[in-house]
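Enquirer: Work from the hints to combine the two standalone chains into their complex.
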Amino acid sequence: MSQILRVLGLLNLFLAGTMIFPLGISWYYGEKEIVSFLIAMGITALAGLLLYLPIPKKRGDLTRRQAFLIVTFGWISASIFGAIPFYVSELFTHPIDALFETVSGFTTTGSSVLTALDAVPKGLLFWRAMIQWLGGMGIILLSIAILPFLGVGGMQLYRAEVPGPFLDKLRPRIAETAKILWQTYLLISGLEVVLLFLGGMNIFDSICHSFTTMATGGFSTKDTSIAFYGHYHRIVITVFMFLAGTNFALHYRFLKGGYKGYWLDREFRFYLALILVGIGLVFGYLLFVMGGGWGNRLEDAAFQVVSIMTTTGYATTDFGVWPSFCQYLLVFLMFIGGCAGSTGGGIKCIRIMLLFKYAQQELRRIIHPHAVTTVKLGEQNISQSVLNGILGMVILFMAIFVLASLAMSALGFDIVTSISSVAATLGNIGPGLGLVGPAENYAHIPSIGKGILIFCMLAGRLEVYTIVILLFPEFWRK
Amino acid sequence: MSIIIIGAGEVGYNVARRLSREMQDIVVIDKDEEKIKRVSETLDVHAIHGSGSSMAVLRKAGIEKAEIVVAATDSDEVNMVSCLVAGAQAIVPIKIARIKDSEYASNMLILGEDRLDIDLVINTDQEMVASIMRILETPAAVDVVDFANERIRMASVFVKEGNPIIGKHMLDLKILYPDLRVIIAAIYRDNHVIVPTGKDEIMKGDLVFIIGEPSTISTLLAPLNCYHNSVLKRVMIFGGDSVGFNLAKMLEEKGIHPKIIEPDEERCEFLASELDKSMVLRGDFTSHELLEEENISEMDAFIAVTPDEEKNILIALFAKRMGARRVVASINRAAYLPLVYQIGVDVAISSSLIAVNKTLQHIRRGKIASVVTLLEDQAEVIEIEALETSDLINKRLKDLHLPKGVLVGAIFRGEELVVPNGETVIVPGDKVAMVVASAAMKKVEKMVMVKPEYW
Chain V
1 MSQILRVLGL
11 LNLFLAGTMI
21 FPLGISWYYG
31 EKEIVSFLIA
41 MGITALAGLL
51 LYLPIPKKRG
61 DLTRRQAFLI
71 VTFGWISASI
81 FGAIPFYVSE
91 LFTHPIDALF
101 ETVSGFTTTG
111 SSVLTALDAV
121 PKGLLFWRAM
131 IQWLGGMGII
141 LLSIAILPFL
151 GVGGMQLYRA
161 EVPGPFLDKL
171 RPRIAETAKI
181 LWQTYLLISG
191 LEVVLLFLGG
201 MNIFDSICHS
211 FTTMATGGFS
221 TKDTSIAFYG
231 HYHRIVITVF
241 MFLAGTNFAL
251 HYRFLKGGYK
261 GYWLDREFRF
271 YLALILVGIG
281 LVFGYLLFVM
291 GGGWGNRLED
301 AAFQVVSIMT
311 TTGYATTDFG
321 VWPSFCQYLL
331 VFLMFIGGCA
341 GSTGGGIKCI
351 RIMLLFKYAQ
361 QELRRIIHPH
371 AVTTVKLGEQ
381 NISQSVLNGI
391 LGMVILFMAI
401 FVLASLAMSA
411 LGFDIVTSIS
421 SVAATLGNIG
431 PGLGLVGPAE
441 NYAHIPSIGK
451 GILIFCMLAG
461 RLEVYTIVIL
471 LFPEFWRK
Chain L
479 MSIIIIGAGE
489 VGYNVARRLS
499 REMQDIVVID
509 KDEEKIKRVS
519 ETLDVHAIHG
529 SGSSMAVLRK
539 AGIEKAEIVV
549 AATDSDEVNM
559 VSCLVAGAQA
569 IVPIKIARIK
579 DSEYASNMLI
589 LGEDRLDIDL
599 VINTDQEMVA
609 SIMRILETPA
619 AVDVVDFANE
629 RIRMASVFVK
639 EGNPIIGKHM
649 LDLKILYPDL
659 RVIIAAIYRD
669 NHVIVPTGKD
679 EIMKGDLVFI
689 IGEPSTISTL
699 LAPLNCYHNS
709 VLKRVMIFGG
719 DSVGFNLAKM
729 LEEKGIHPKI
739 IEPDEERCEF
749 LASELDKSMV
759 LRGDFTSHEL
769 LEEENISEMD
779 AFIAVTPDEE
789 KNILIALFAK
799 RMGARRVVAS
809 INRAAYLPLV
819 YQIGVDVAIS
829 SSLIAVNKTL
839 QHIRRGKIAS
849 VVTLLEDQAE
859 VIEIEALETS
869 DLINKRLKDL
879 HLPKGVLVGA
889 IFRGEELVVP
899 NGETVIVPGD
909 KVAMVVASAA
919 MKKVEKMVMV
929 KPEYW
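Chains as they are written, first to last, in the numbering used here: chain V, 1 to 478; chain L, 479 to 933.
Don't take every hint at face value.
Here are the computed distance ranges between Cβ atoms for each label pair [claimed, not checked]:
no., chain 1, residue 1, chain 2, residue 2, range
1, L, 532, V, 263, 47 to 57 Å
2, L, 532, V, 399, 35 to 45 Å
3, L, 906, V, 204, 56 to 66 Å
4, V, 264, L, 545, 22 to 32 Å
Every beta carbon over 10 Å from chain V, so not counted as near; a handful from chain L, in silico [said to hold, decoys possible]:
no., residue
5, 505
6, 537
7, 566
8, 581
9, 590
10, 626
11, 650
12, 655
13, 766
14, 775
15, 801
16, 816
17, 822
18, 899
No lab work stands behind these hints, which were simulated from the structure alone.
Glycine is no exception: its CB is placed at the ideal position from the N, C-alpha and C atoms.
This is chain L alone, in the form it adopts within the complex (with noise of 0.2 Å):
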């Protein structure tokens, strides 16, 4: 498969990196001459020096044999138009295109089959507001993605000192909560993802990755649950750009009330027209102050959302300090997770990880959907069709001997929703959801391979 990318950026690097790891025939094109020369020698692409407006330079990187296109530079409108000028060459099946401004992401007239024939808008700003909006309702959780439609939830929680389940193997804790519809399907320890059988135990600063349908994720959210108190009533957002204003909308679509800092005065005016329920508040960064005056240890949640990364982290910390109960900090990129962690903002979001997780979905290969990618893409989610001829029907799990770094972590069966267990069939049809370490990768793509059809 033919992919070109425009832009090699956080995300267009990334989407790159991954893509070229399976094997596809990656074209990346950039203006930066700097960004073209890290891509050229640390992936094994073909980078092309050049705009991905230009008609010479997708010609160049062969756009009429393109299968996809992904348009992810940081301007809305070189996207739009990179999409426009390699749909007016060549027929692409697939055009992604990354898109900021919620005007022209909401505007099919625009991106529609008879104007610029988009595929798929990925809204980064917008996808992180609904993230962030899912983390907040789920208490404890560092970072919650839902997939399948929306049916599948997953959900990452750091398992804090005291926690019930520590010591606790996978298999005991059937036995401890009889009711528990959901699967834990990833561990991250000691900078390592695991994908646990039914003998492996959890330890204290674990990170879990829990699978199931939304409704029941907080079976087992629950007891990991260390917060007293969960409920979400006084929110503070700090940055009033796009994603802060947009969280604070759906705040209030909710009922809460949110304070949210800002800056620059001319868009403080701007959001308190705009805002009818939150407090607008004017003050920077180094104003402590105003983050006592208004009472930030009285917060069950802090947002820093700016653009600038650094400075987010910064002041969720601070805010962490102060006494705020939960801090959530934006950041770009994806290599920082881990450490934000560490130094302890609860909850860190990379809006880059979250557009190359939106593009890789979109992009399958064969049966094989990529759904999610846990931490320095470790492990990924995948979601799959059984097919008649796949090795994985008509089997009970137990018997199906997956390789080691494979599990089953949901199967939709019509409408229903199975969590699987050793005595578990899959039938042809199903949706299965695994966990797949990137060590076994290969390995589950050759167990699905769909035989008859290939040859």
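Extracted from the complex, chain V is given alone in its bound form (with noise of 0.2 Å):
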């Protein structure tokens, strides 16, 4: 137990020095935010201490069940100590406010509480985009990859933060494959903050999109989200959310020269196909029920459905007024989300993948009794276990969100806000529809109520297990 406290410390520290760069952006713009931020970085860093230094450091590799703790609860207090700087600074009234907000920034979800977002100052701004950042990738990933003090350990945390159904190691170290999937990371955001500066966007708001569309998170530092822009930077950022929703091996091995990797990775065809099939049929059913210019409907759908899919969130034209079809459409996607290994949230395209291919087999079976099957991807053999894995994360998935969604309309609200609400919070997409929708924002939602949500957050960018063994009996007998 205490070796957990200490690795809680030492990411405690670690966030108050990432804190560093909004305290600069405050200094530089000449904000009073400067004062929460050294009052942040103040009480982070002496819990980290408090936590860190008194507890000697034992011999001995992380236990799978200290793993789950560490993670989870490193995502818990990092969102609690993230949250200080709202609260100090008083953009918040409400501690749950603050703390919403902060999950919503590291789990990549985007689901605000803000209003007139030109008036908050830029340190904080830039704060709530860089959580997303941080978040996108993952906190304990990054702590991997620069701290090099775990090894062993360091798989089992990586593998309670990062849960994919396969364990895609790039390099035979984990703090290598931190690194690496950190500078791609880092690489891509760069362009993409170039490629955004180069069509007239200030730096400010540039480093800040780039930051929230490769973590898939959502945040925007306008009202009107990326609406404010024009048709260039929607299409970058288009472009890069589509990118951020891809397995971030496959870029990789992209750098390194694996041109053809991105088509012979099967998740990444379905993830381009149903992408494509998407945009499609709201760009379709737009012009034929809604008319206007085919170049503008497109765009929006495009936009929307990259959007919505990679569990962005950015909006840029409010969809809660399109047709039924069309947002019933989304809300499907909701569920599907990007790609294993992405920055991006909801099930999966690998798990729906398989989960289809898992139907197809007992179908054969049912033909054939006697026919020995094995479910394929491409030429890998997938194994029961992984199978069972997969059915029983979405199992769990769908069962959070029955529940979530149940309580919701609990407290009153009605069938599409509140379904909505929470497929947008546990796939960590953003906004949802109804009363939650693009326009709107989850402000009004009763402390209970975002008390749920911020759970249903966690759950999702820690892809359920991680968390909801913590709530299993089992778990916590010796």
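Expert: If you want it as structure tokens, here you go:
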């Protein structure tokens, strides 16, 4: 137990270190939020030191159980300490609002309780974007990459934070893998900053938007989100949202010269196909029912489908006023989400794909009871235990969805709002439909509702198991 | 350094475990999904499920960039084919294969440069026999390891009640035995390895590790020896497989005529025809009458070397109860070692530990060669070359301020072995054997790092 606290202390110190950046921004713009960040840094670092220093280092590797505890509590503590600047600066009057905003940031959800973003100080806007960026590739992963303090323990943590169905290690050592993933992430983010800047966006907004695009987060610095910007920026952001929803291992291999890697990856093909079909359906339907210029319609359809499917959650238009077919389609895409190994949320393409293959296999077994069948992904055989893991995850995901949306409706919300608010937070998308649609926000939801949605966001980001396992009595039994 | 290990059994797993701690890039391949799962869950290495002799799997493991391939499956044939396939696909600088069958292992036509080009063959069975022979020849020792081309020997001995050195400090030993040419390199006490300083005391029940020249090691072993009679005349071997058979042959060469027990009739006939002076007995685990009939209580040594480790432990305990003076059990899992000593087996030899040590000796890390791992790898003996640029040279040992848990055990200067003391000075070109506790390993690596070459 003490070792868990020690690692959590280290994470806190690390978080305090990252607060240097928004502090610098506040200083640059001469905002009084400098004080808020100094206070937050002080508290966070002090808490970290108090946990880290008195506990002696013990030899031995982390167990799986400890890894789950560290990751879950690491995320919770990052959210709590990360919320301090928002609260201290009196941006929010109620602590739960500050916490909601921070959790929404770290989990790359992008659901906001803020209004009038244009009036929010730059330092806070930057911190808001930055926590999304940190949470996108994973705070634990970043600490594994930067602090070489965990060997095997690092891998257990990696698996608890990035729980995809397979362990895709790019390099034999986990610290190297983490480093590579973060470097790739940094590189693509940097590219987006340059492209946005060249299109005329100011440097501050370029960085913030790149942070939240690459993390598939969706926090904007503008009240009107991306609708504030013109065609060029919308297209650039659409492309980078798409990239952020792709497995970063593929990006890395591409950069290393594996040009065919994307096409050889079955999941990527499935992801691409889903997005193209989604865009086609939404575009066709919009044009058919609502008319209007096809260029604009195509742009809106593409932007919105990519934004929702990759679980980013930017908006260029209020899709809450779209025909219900299009809205319903978007809700489906919310559940699917990006690829495994991407920064996107949701159930993930690969799981959906394998579930269908599994169903197909079952059908074949009914026709040929004696047939020996295996589920294959390209050349790769998928073992039964992987499939069972996926089934279990999806069942839990849906169970949380059902229970949480029931609870939301018990708080008095209509069906559309209840369902879409949970879908949008559990899938880490951001805006939902109805009262939480792109033109609305989450500020009006009562505290209990915010609590439920905070849980949904964390459960969704850590792909259910890591967090739900802590609620399982057997986990705590000695 | 990128290392591919084929086979995640006891040997492959432990080699991977040790090397992964040293920040090497390790890829482990195994056919067995369960084993791969164990590896990927407990080690920071890349684990691939598949056959190590498959081109596609080796390519996936990054054979083009691999510097070392270790084939450590249970099958000689798989190991050889894996090395062949690996060599056919890429130029692998070092290939290490575990090969049990002595017929293959000694055949350089097959293993040599023109054919399989295997750099190091680890013949576990042969190593086991050699190790058992060394132990039998060293009274009281529970393990004896040779290194530096068999010029240095390390023996470990339990300090039993009534021993004259109990309660003595390391410094006192010099006074007690002025002609001492050995050093106590480590002490194993309460599941911890202690690398001693002059002030450490020897206590009852300690397992002490002694380093010295093979011929002089007995200068300390003699007083430590609690057996009144250290002659080795009557030996009984249980298990007539390759190890038992080769051991009997070696003993015959030394003029000892062992009794060898084997359950399988056909194998017995083979043994009887191949071994001229040994007595081959047919019998099984359960036949303790046989042991009694054959005067187990008169035996100087009883050695259980069947492939079944649990059986070996049990029968060895049994023999000990019936009066055999020294019992030896062959086991596979190194993790059993401390346990086995505790329940009363005099000597336990782990075949996998031998293979792991042998492999690691060959994988040099810069100027460091690992030689022997002490229990549960809490400490290891390393051999380093003292270079001009190293921090170690031209200072008296006591002025070096070696980190805690580090001890210089022996120094080779040309042909001469120097038993170090505080006044000894290491000069360039020396080969130094050091005992290093695992916590101090990093510091030692830094000390011997070759600075100019490094940049």
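Enquirer: Hint by hint, note whether the structure agrees.
Expert: Verification of the hints:
no.	hint	verdict
1	L:532 / V:263: 47 to 57 Å	violated, 24 Å
2	L:532 / V:399: 35 to 45 Å	holds, 41 Å
3	L:906 / V:204: 56 to 66 Å	holds, 60 Å
4	V:264 / L:545: 22 to 32 Å	holds, 28 Å
5	505	violated, 6 Å
6	537	holds, 13 Å
7	566	holds, 22 Å
8	581	holds, 35 Å
9	590	holds, 31 Å
10	626	holds, 30 Å
11	650	holds, 32 Å
12	655	holds, 36 Å
13	766	holds, 42 Å
14	775	holds, 45 Å
15	801	holds, 42 Å
16	816	holds, 17 Å
17	822	holds, 29 Å
18	899	holds, 31 Å
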